[in-house]
Every structure is written in C-alpha cells, then in structure tokens.
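J.: Residue numbers (our numbering): 63 to 380.
The hints are simulated quantities; they were obtained by calculation from the structure and are not laboratory data.
Don't take every hint at face value.
The list that follows gives simulated cross-link-like pairs (lysine-lysine, DSSO-like), each with its CA atoms no further than 27 Å apart [claimed, not checked]:
1. K305 with K244
2. K357 with K245
3. K149 with K357
4. K245 with K305
5. K244 with K149
6. K233 with K305
7. K357 with K233
8. K125 with K233
9. K186 with K84
10. K125 with K84
11. K186 with K233
12. K357 with K305
13. K149 with K245
14. K305 with K125
15. K357 with K244
16. K357 with K125
17. K186 with K125
These figures come from a predicted structure and were not determined experimentally.
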Amino acid sequence: DFRVERSSGHARLVLPYASQDKTIQVGVYADTLDLAPLMEGDPNAPKQAASPGLHVPEAATGKLHGPPGNAWTIDMTANALYYSQTKQPLRAVTGHFEDNGQRLERMRFAMRGPSPVTMTLDPKGATRALHVTIPDMGGFLAALNILPNVQGGHATLNGAFDDTQATAPFKGTLHVSPFVLKKAPATVLLARNLSLYGWVNARKSPEFEVSTLTMPVAFSDGVLTIENGHMGNDALGATLEGKIDLDHSTLDLNGTVVPVFAINKLPGKLPGIGKLFSPEKEGGLVAMTFGIAGKLENPDLSVNPYSVLLPGVLRKLF
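Produce the entire structure from the sequences given, and follow the hints as far as they go.
T.: This is the structure we're talking about:
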C-alpha cells in the first residue's frame with residue numbers, strides 16, 4: 063500500500079531479475095493518483111520560463127528515441143487521476159500499456175469523467191492502429207478548458223502510425239456527428255444568414271449547427287496537418303486546410319465558407335468547366351475565403367470579403 067500527498071492505493075512491481083521474460087511489470091490500483099508533479103514539476107521549485115508550445119511526448123507517438131531497452135507493461139486503475147494542480151481530475155480511469163523496449167506498442171485507455179473517452183492502440187504489421195472515441199466532444203473540450211463554446215458531437219479518430227519510419231508519422235481521419243457552435247464567428251453567421259436556408263428561417267441566434275465534419279489529419283515531428291477538411295449543414299459548408307505547430311503553439315490555416323451549400327456547388331459539377339467555378343473540394347460558385355494564423359491562444363482571423371464576388375478559379379489569386 064502507499065499514501066503520498068494526494069495519492070493513495072496499492073501497487074505491484076515485478077522485475078525481470080530471475081525470469082527469462084525481461085519485461086518489467088507494474089500495476090497501480092489507486093483511489094486517488096496524483097501525477098501533477100510529474101506533469102508540471104515541483105510547484106515550490108524556482109519558476110522556469112513557460113514552454114511555448116504543446117509538445118507531444120515521444121512515448122505517445124512511438125518515435126524511436128534510442129537503442130532497445132527493457133520491455134514493460136503497466137496496468138492502472140484510479141478512481142481519480144490528477145494531471146494538474148489546478149484542473150479537475152479524470153474520473154474512473156483504467157489503462158493498459160505495453161512497450162516493446164522501443165516504443166509504445168499496445169494500449170487500452172478509458173475514463174468516465176469529466177467526459178467519457180476511450181482509446182485503443184494495436185500493432186498491425188508495420189503500423190499501429192489508433193482508435194479514439196469521444197461520445198460528447200463538446201463536454202470533453204469544455205471540461206479541459208480547450209473550447210468552451212462547442213455543444214454535443216460524437217467524435218471518432220481512426221488512423222495509424224507508420225512504424226517503417228523512425229519518426230512514426232500518423233495519418234488518420236476525424237469524424238464528428240452533429241454539434242453546435244454556441245458562439246460562431248461573425249463570418250460564419252453572415253454566410254448562414256445570406257444563404258437561402260438562413261433567409262427562410264430568419265436565424266438571428268449566435269449559434270451555428272454543424273451536421274457533418276470530416277477532417278483528414280497527419281501528425282509528424284510536432285506538426286499537425288489538416289488536409290481537405292470540410293464541414294457543413296443545410297445553410298453552408300466550409301473547407302479547411304493547413305498546419306498547426308504544437309511545439310511552437312502556432313497555426314496557419316486557410317479555407318472557404320460556401321453559402322447555400324446544396325445549390326451553390328451545382329455549377330462546380332458542370333462537365334469540363336466545373337473547376338473554373340469551384341476549385342476547392344466541396345467549394346461553390348459563391349464563397350468567401352478566410353485565413354487563421356498566429357498563436358493558438360490568440361490567432362488572427364482574416365477574411366477576404368471580395369472573394370465572394372469572384373468565380374471559383376479567381377479566388378485562388380486573391
């Protein structure tokens with residue numbers, strides 16, 4: 063049994079001293095498990111300059127970090143798991159982790175609160191398949207103080223790490239079922255209200271309903287790349303692509319907002335000349351281009367209002 067600061071429970075450690083199996087086995091079964099000192103450091107130590115980014119640990123990606131070491135497994139159960147001195151703990155956490163001595167090879171993780179999440183990682187040939195499910199995306203983002211203005215949405219992320227490369231780059235696709243932006247950007251609301259759907263329904267609410275979101279993503283060396291992402295509803299659609307540098311906490315994204323989604327994109331389907339009207343995937347005859355760049359905590363949003371007057375192919379020039 064152990065009791066250290068906020069942590070209490072019992073643990074089991076099996077070392078490979080007398081066995082042929084060189085795997086180190088760790089089991090932790092805690093009522094309360096406080097990992098905040100490991101995540102944030104000693105709160106009484108001299109203050110260090112804050113890290114400029116949101117660095118993803120190498121162990122989470124499988125990036126090779128040296129010669130092979132001992133394999134290890136960790137089984138963990140905690141009623142409450144603290145990862146921060148100031149944030150609410152994760153609740154009803156269970157986890158199983160297997161490292162082959164070079165990289166994290168297999169994982170099972172689940173938590174019930176503050177918002178349910180499940181994750182699995184399994185080896186498949188030269189790749190490791192990752193599957194993440196978040197039944198309430200809005201609740202999850204709000205609980206972790208990431209985005210408080212999202213309501214609802216069932217999110218799934220499916221993809222794989224390519225272990226033929228030392229950096230183990232990841233490619234996958236994020237899908238989100240219907241959700242609501244409770245305080246949508248003014249540009250999105252303007253495009254909605256200009257659409258046939260928005261005009262007929264006379265929507266004045268600052269909320270914006272999203273019926274579908276599909277976002278292909280890639281991650282390597284601290285950079286998250288969005289490729290041909292799109293979202294939409296009966297009022298409009300939007301496309302998004304670009305890069306988010308997590309290590310330096312910066313982003314550089316661009317996309318289009320397309321009013322009257324179903325009707326507006328018809329000219330783009332005309333044989334031979336469709337690309338002239340709608341060069342973007344899921345684009346349309348009438349669309350506004352936008353860019354989001356700068357620091358993650360306070361990015362700059364730029365909109366080209368004149369792009370709404372230009373045929374699709376000319377939007378690429380302005």
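J.: Hint by hint, say whether it matches the structure.
T.: Against the structure, the hints come out as follows:
| no. | hint | result |
| --- | --- | --- |
| 1 | K305 with K244 | holds (25 Å) |
| 2 | K357 with K245 | holds (20 Å) |
| 3 | K149 with K357 | holds (23 Å) |
| 4 | K245 with K305 | holds (24 Å) |
| 5 | K244 with K149 | holds (23 Å) |
| 6 | K233 with K305 | holds (14 Å) |
| 7 | K357 with K233 | holds (24 Å) |
| 8 | K125 with K233 | holds (14 Å) |
| 9 | K186 with K84 | holds (23 Å) |
| 10 | K125 with K84 | holds (22 Å) |
| 11 | K186 with K233 | holds (14 Å) |
| 12 | K357 with K305 | holds (12 Å) |
| 13 | K149 with K245 | holds (24 Å) |
| 14 | K305 with K125 | holds (20 Å) |
| 15 | K357 with K244 | holds (22 Å) |
| 16 | K357 with K125 | holds (26 Å) |
| 17 | K186 with K125 | holds (17 Å) |
When held up to the earlier numbered hints, the structure conflicts with none and fits them all.
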